[in-house]
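Throw the hints in and build the complete structure from the sequences for me.
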Amino acid sequence: MTEILLSLRGLVVGLRHGHDVSPIVRGVNLDVAPGERVGVVGESGSGKTLTMLSVLRLLPSPPLEILDGEILFAGENLASASERRLREVRGAEIAMVYQDPMTSLNPLLHVGYQVAEALKAHGASTIQARETTRDALRQVGLSDPERVERSYPHELSGGMIQRVMIAMALAASPRLLIADEPTTALDVTIQQQILDLVLDIQTTTSMAVLWVTHDLGVVARLVDRVVVMYAGRVVEDAPTRELFRHPSHPYTAALLASLPGTQHSHRSLLHQIGGNPPDPTRLDGGCPFRPRCPFAIDQCAHEEPPLLPRGESRAACWREPDSWLP
Amino acid sequence: MLLPLVRRLASMLTTLFGVLVVVFVILRLLPGNAVTASLGVNAGLLSRAQLQAIDKFYGVGESIPQQFFSWLWSMLHGNLGVSLSSREPVSTLVGSALPVTLELAVMSMILGILIGVGFGMIGALHPDRWQDDVGQGLAVFGLSVPSFVIGTVLITYLASIFHYFPSSLGFVGLFTNPWLNLQQVFFPALTLSFGIGAAIMRTTRAAVLEIKNLNFSRTARGKGMSQIAYVWRHLFLNALVAITTMSGIQFGYLLGGAVIVEDIFVLPGIGRLLITSITDRDFPVVQSVTLIFAAGFIVVNTLIDISYTIIDPRTRSR
Ligand SMILES: Nc1ncnc2c1ncn2[C@@H]1O[C@H](COP(=O)(O)OP(=O)(O)OP(=O)(O)O)[C@@H](O)[C@H]1O
Ligand code: SF4
Ligand SMILES: [Mg+2]
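Those protein sequence lines, which keep their order, are chains A and B.
Numbering of the first sequence is given in the working numbering, commencing with residue 23 and proceeding in unit increments.
Numbering of the second sequence is given in the working numbering, commencing with residue 7 and proceeding in unit increments.
Where hints are given, some of them may not hold.
[Stated by the list, open to error] Mimicking SDA-like on lysine to any residue, the simulated pairs with C-alpha atoms at most 25 Å apart in a straight line are:
1) 62(B) to 52(B)
2) 218(B) to 124(A)
3) 142(A) to 234(B)
4) 218(B) to 130(A)
[Said to hold, decoys possible] Restraint-style ranges between C-beta atoms, simulated for each label pair:
5) 176(A) to 139(B): 53 to 61 Å
6) 122(A) to 309(B): 33 to 41 Å
7) 176(A) to 258(B): 43 to 51 Å
8) 310(B) to 281(A): 51 to 59 Å
No lab work stands behind these hints, which were simulated from the structure alone.
Glycine is no exception: its CB is placed at the ideal position from the N, C-alpha and C atoms.
The structure is reproduced here in C-alpha cells:
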C-alpha cells in the first residue's frame, strides 16, 4: 500500500438538535497521497464544503458538527485532536482556500497584514513574513503586490481577493492544500496561471491538493483523480482519464453529458436527467440518485449501494456500467 | 481624511448653536423674567427705576435677539452670568463643579466599559456556559435596578461597615489629595457603571457572537493563530464599532444618572448644582448647566463619529 497523507474514514457531518441528529455528509471515505491532486465535484449542496471544512475542524458549530468518523492526517486523527494541536496544523500543514472569498478577509485590516499573519502565526519573523507575502502575491499574478498589501479588502476586486486567498494558503508551503472552488471569480487566463502555479509548486514539493470545483475542464487539466459526491456521499472515485472515458456511475455520466461540446455516446440516454438532488436529511434508504436515474432497478429502491470496485474506479451503483452504457 | 473631519467639526458647532437657541428660547418663554422670578413678591416693592436698573444689570431689558447675541458674546468670553442666589459668577460655580462631574463621568465610563467588554467577551467566547450565565445575570441586574437604588444600598452598606458618610464639605479635589479623592468618587462611579456595563456587555456579547460566525473569522482560525490574536484582532476589533456606539448612548444616560448619583453621594458636581439651581429658580445657572450637558453630549458624539473612521476603513472614503 502506498503512503497516505489524508484519509477520511466514514466521515459523518450533520446537525445536532438535542438527541436528534440529521447527517448531511453521510460517511465519506477519501484518501489523498502525498503530492497527489484530487478533484472533488458534485452538485450544489452535495456536502463538498462541509467535508473540506471538517478536515480543518472549522465547521460552523453550532449547529454543524462531526458526528462520526476519522480524519487521519499523516496517521493522526484530527477529529479528536486538541484545539492546541489543530492550531499547529491549520495554516501550516493544511491550508485552505475558502469558497466565497469576498467575505473571507477581515474588512478592518490591511490585506498584506492578513497574509503575513498566517506566516507569523507559525513562527516567521515580521520581516520574513513580509518578504514571503510579497513573493506569494506576485506568484499568483498580482502585478502590484505593494499596492495590494496596503489595500483593504473592500478596495480590491473579487478576482484579486481570490488570488490573495490562494497566495495566503500557498505562502505557508502546506503539505495539503484544500481549495474550495478557488477560481470561480477569475477569468480563463488567470485561472490557467493559477493551475500552472499549483502544478509548478508540486514539481518541487510534495504538496497534495484537494480541489473542489464545478468545472470538469479544470479537473481534466489539474487532477490525477476525481471524487464525485452526491447527497453527502462519494458516488464515484476514479482516475481522471478513466472517469472521462468510462464513467462508472450514472450521475458521473450525466455530469459529463452536460459538458458543452462533448460527443459522448451516452449523451442521448442521459439528457433527460432533470430534477434536483434530494434533501440529505430526508432519504428513504434506497439509492439517493434513484428519482433521477434512468437505469434504476428494484434493488435500487431498497438498498443504498456502497462504493464497489469497477475496474480502476469505484462507484456506488448496483449496476455494472456495461449494462447501461451504450 | 482631513476634509470630513472639518465637516464634522462644523456640524458639531452648528448643533451646539442650535442647542444655544433652544435653551435660550425655552427660558424666555417662561412667564416673567429672571429678575422678577428671583425677587418674587419683593419685586412689587421696587420702583420702576430700580427695576429698570436691575433689568439693565442682568441684561433683560433689551430686545430678544439683542439679548441672545449679547449673551452669546459674553459666553464666548467666558462670562456665563451671575448666579441669582449666591451672587457669584456662574463660571466660578461651574468651574468648581465641572471637574468633579467630569471625573465621575470618566471613571464610570472606564469602569462600565471594562465590566461590559470583559463580561461580554467572556460570555461570547463561552456561550451558554457558566461564565456566560454570570455575565448575563449581572446584565439583568444592571439593567433592571435603577442607579438610585444601587447608590442607596451601596451608601448604606458603606456607612454601616466602614462608617463612611459622604459630605460635600469633606470633598477633596483630585489634585489636592488624589488617593482620598479617588475613594470618594469610586463608589458613585461604580453605581453608575452597573447600567453602563450591562448595556455594553450585551452589545459586546451579541456583536462577538455574530462576528464569530462570519467567514473572515473562520479564515482567521484557519491560519492557526493564537487564541489571543484571534479574539482581539479579529473578533474584538470588528465588534468595536458596535461597542463604541453603545458607549456613546450610555454617555448620554450617564449625564442624567450623574444628577441622581451626585445627589445621593453628596458630590459637589454639576448635577447637584443643577438640582439646587432648579430649586432656587437660579436661571443663569440652570441655563449654563443645561448647555454644558448638551455640549458634553455633542462633543462625545462627534468624537465617536470620528472614531468610526479610525476603526473602519470603509467609512473613510465617503
Ligand atoms: N450552517 C449550516 N447550517 C445548516 N445547514 C447547512 C449549513 N451549511 C451548509 N448546510 C447544508 O449542508 C448541505 C451541504 O452544504 P455544502 O456547503 O457542503 O455543499 P457544497 O457541496 O459545498 O455546495 P456548493 O457547490 O453550493 O458549494 C447543504 O444542503 C446546506 O443546506
Ligand atoms: S444504484 Fe440504481 S438508482 Fe442508483 S445510480 Fe445505480 S442504477 Fe441508478
Ligand atoms: Mg461549497
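Could you work out which of the previously given hints the structure breaks and list their numbers from low to high? 5 and 7
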